[in-house]
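Colleague: Below, each chain spelled out in residue letters.
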Amino acid sequence: MASMTQNLAPEDARNAAREVRKRRLQAFFFVVPLLVFLIFAFVAPIATMLYRSVHNPTVANLIPQTLAALEDWSGEGVPDDAVLIQFAADMKRMANDRTSGQLADEINRALPGMSSVTKSTARALRRVDDAEIAANGAAMLLEANARWGEAATWRAIRDAGPIYSSSYYLTSVDLERDRDGNIVQRDTQIYVQLYTKTLKMALIITGLTIVLGYPLAFFMAHASSSLANFLMVFVLLPFWTSLLVRTTAWIALLQTGGVVNSTLQWFGIIDDPLQLLYNEFSTILAMTHILLPFMVLPLYAVMRGIDSSYMRAAISMGSTPLGAWSKIYLPMSLPGLSAGALLVFIISIGYYITPALVGGTDGQMISNIIAFHMQVSNNWELAAALGSLLLVLILVLYWLFDRFVGTDNLKLG
Amino acid sequence: MKDLGSETFLRFDNVKKSYDQKNLVVKGFDMDVKEGEFITLLGPSGSGKTTVLMMLAGFESVTSGDIAIGGKSINRTAPNKRNIGMVFQNYALFPHMTVAENLAYPLSVRKMPKAEIKERVAQYLALVELSEFGDRRPGQLSGGQKQRVALARAMIFQPSLILMDEPLGALDKNLREQMQFEITRLHKQIGFTVIYVTHDQTEALSMSDRIAVFNDGVVQQCAPPSELYERPVNAFVADFIGENNFVAGQVTQIKDGIAQVKTDAGLIAARAAEGLADGAACRVSIRPEKLFIHPTDHAHDNALTVTFNTRIYVGDFIRYYFKMPDGTDIIVKVLNDLSAPEFGDGAQAQLLSLTHDCTAFPAG
Ligand SMILES: Nc1ncnc2c1ncn2[C@@H]1O[C@H](COP(=O)(O)OP(=O)(O)O)[C@@H](O)[C@H]1O
Ligand SMILES: [Mg+2]
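Line by line, the protein sequences give chains A and B. If you use my numbering, the first sequence corresponds to residues 1 to 413, in order. If you use my numbering, the second sequence corresponds to residues 414 to 777, in order.
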């Protein structure tokens, strides 16, 4: 009997294998929409972002011949006339194609002030005869603006040339290459500081949501279900109102003539209105409010599953309620706590809208500067580099979390 | 039943409990428990057993009345100061600790030296025959093993009183019997006092020194198992404990505690329960195993004439279903031996019984 059940007849084995294949195919069809969605909404954009952060063909496409000519240049003094003539010809072509603005932007990034120089030079060269440029281009260029006679200008053009470059990553951690190609600190330190501040604010927000959310979730999990449902409405209320409305409400509350200030003044607690809005304080306050449900929901789900008998058992064995909580309840609720903390922390690290609206200059986070580079300064490559670094940062944090807390200690419901 | 002597270890004095300020869930609970006794609270679900236990443990307040241990009221003692061991139905083993850590918990709370804790844990693991399992997590144990860990954990800090709330409710039948035996053994060996809650009467009958039958927040009867089974004080207990037949009739005479009852199926002489009045309607309870089918060589005082309905083969015995003239069922349990008779459909039969196996309760 036993041997019969162990050794399948070939026919039966084929049938069983066919059955398994059919199941797999069915399962695959179930996940196809998800896969397609993930590829379009997640994999593709992130891959594009990573690619853009190192890929910038603009200059190489605009002035390929000038760049080729510049290859022999030593990097000191003004390049040969041949280079200048080639560049003058390129400028004329770009002025007529209306692409000189793009080049102006690119050079300006390395050398501020070059935008207008480039544009005016292009204008000056637009109507000049080709033969004239071929003969006299170098002089005309120097005449149009003296900065074409500076080595720094040409270095900037040469350095903007490569299609693939790590310079955006260097910029995003406040570094740059000096003349000899060594990596050095930039004069202006912006991004590292901003990353640090973003991390700090995210930590504070996570801490605040824990302080507010843990007792609330505990109370709800052990209240009668009608009371718990009632409280749940208040927790979920922020989800049901628009983010903008909630943020605007904070503005109404906190502004100089707002509810808080007028109340405090009315009671005579303060004489002059406090600056509550457009700083770190208001950003942290509003974001804590907005992210609180992300802490409460996983905590509540986990706590609901913790039977009251565990605490009672601990107390009956002589433990004080506080001791029983810290030794028994806290470890048992840890999966919810870490899930909530991770959720809030990661969301707040990449948060954009609230700091943009109530953050002022003080309360800006890294996402705001990324948006700035995308929308205002038009430096998509830097934006992509900053975004990629943010992604790496989050992955590293997740890895650390996995090391120290363990992802199997994570429970969303 | 009320023993006011110095032996009383635990006393409930007219304890009442209301959760909603309107209805009493426990309505005047009185009980005296001697040191080392095994007391079971038995009753249908929702009758207030857990509530009594929780008041004793200190997790629910006492609405009125008094609970005293060793003559001292514990109404105001914090639950962690009561020194009462508890075993829960879901075991309540801490999932993030190993079995040994679970056992060590009450000892470390008491700041016992480490070496001593280790020794004691090993001793109690051996006591419940789980010496090999100290390093496992509760999640890696079977139901019966968890149960034994829970028991050991409740005993390890040597409380004088251990409460168990349906501790075997989650186990299957075989394991349950094994654990009943185990608990009884530990109780005999160590000698702690047990208040045990269950709704399973076989469990209660086989383990307890005394059983308090609970219904609707009131103790109906508190007595040793045999007394409860043989001499129930009212119809609820007679019905709730074991299986019983109830035969409706009318009391024609009560003399020396024996009532003569006239029923459709014949006259019965039965022990008269408290409150039974001459001439009143009554119900006579007779256990299925105390009825004999004529012909038999058992002695008998009463005979009922009934019609055969059906018989069900159970294995070690056979259940016969007869119909009374008024249509109600009457059941007889007969050992599965050569004497088990055969009947044709609708055949008449005589059921015989002894007076002291019949009890007449007031009707309704
Ligand atoms: N915490 C509570 N709040 C309100 N009512 C309760 C609570 N615990 C129990 N009850 C009610 O008290 C009654 C007795 O419950 P319980 O003591 O658990 O009974 P048992 O353990 O005998 O099944 C039930 O009707 C139950 O609904
Ligand atoms: Mg109960």
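Since the hints were made in silico from the structure, they are not lab data. Please note that a few of the clues may not be correct.
[What the hints assert, rightly or not] Keeping only pairs whose Cα atoms sit at most 27 Å apart, straight-line, the calculated BS3-like set for lysine-lysine is:
no. : chain 1 : residue 1 : chain 2 : residue 2
1   : B       : Lys-736   : B       : Lys-746
2   : B       : Lys-435   : B       : Lys-494
3   : B       : Lys-447   : B       : Lys-586
4   : A       : Lys-327   : B       : Lys-494
5   : B       : Lys-736   : B       : Lys-586
6   : B       : Lys-586   : B       : Lys-601
7   : A       : Lys-327   : B       : Lys-736
8   : B       : Lys-440   : B       : Lys-485
9   : B       : Lys-703   : B       : Lys-736
10  : A       : Lys-327   : B       : Lys-746
11  : B       : Lys-527   : A       : Lys-327
12  : B       : Lys-531   : B       : Lys-601
Colleague: Each hint: holds or not?
Modeller: Hints, one by one, checked against the model:
{"no.": "1", "hint": "B:Lys-736 with B:Lys-746", "in the structure": "15 Å, holds"}
{"no.": "2", "hint": "B:Lys-435 with B:Lys-494", "in the structure": "30 Å, violated"}
{"no.": "3", "hint": "B:Lys-447 with B:Lys-586", "in the structure": "30 Å, violated"}
{"no.": "4", "hint": "A:Lys-327 with B:Lys-494", "in the structure": "18 Å, holds"}
{"no.": "5", "hint": "B:Lys-736 with B:Lys-586", "in the structure": "33 Å, violated"}
{"no.": "6", "hint": "B:Lys-586 with B:Lys-601", "in the structure": "23 Å, holds"}
{"no.": "7", "hint": "A:Lys-327 with B:Lys-736", "in the structure": "63 Å, violated"}
{"no.": "8", "hint": "B:Lys-440 with B:Lys-485", "in the structure": "22 Å, holds"}
{"no.": "9", "hint": "B:Lys-703 with B:Lys-736", "in the structure": "17 Å, holds"}
{"no.": "10", "hint": "A:Lys-327 with B:Lys-746", "in the structure": "55 Å, violated"}
{"no.": "11", "hint": "B:Lys-527 with A:Lys-327", "in the structure": "18 Å, holds"}
{"no.": "12", "hint": "B:Lys-531 with B:Lys-601", "in the structure": "25 Å, holds"}
Comparing the model with each numbered hint stated earlier shows that hints 2, 3, 5, 7, 10 do not hold.
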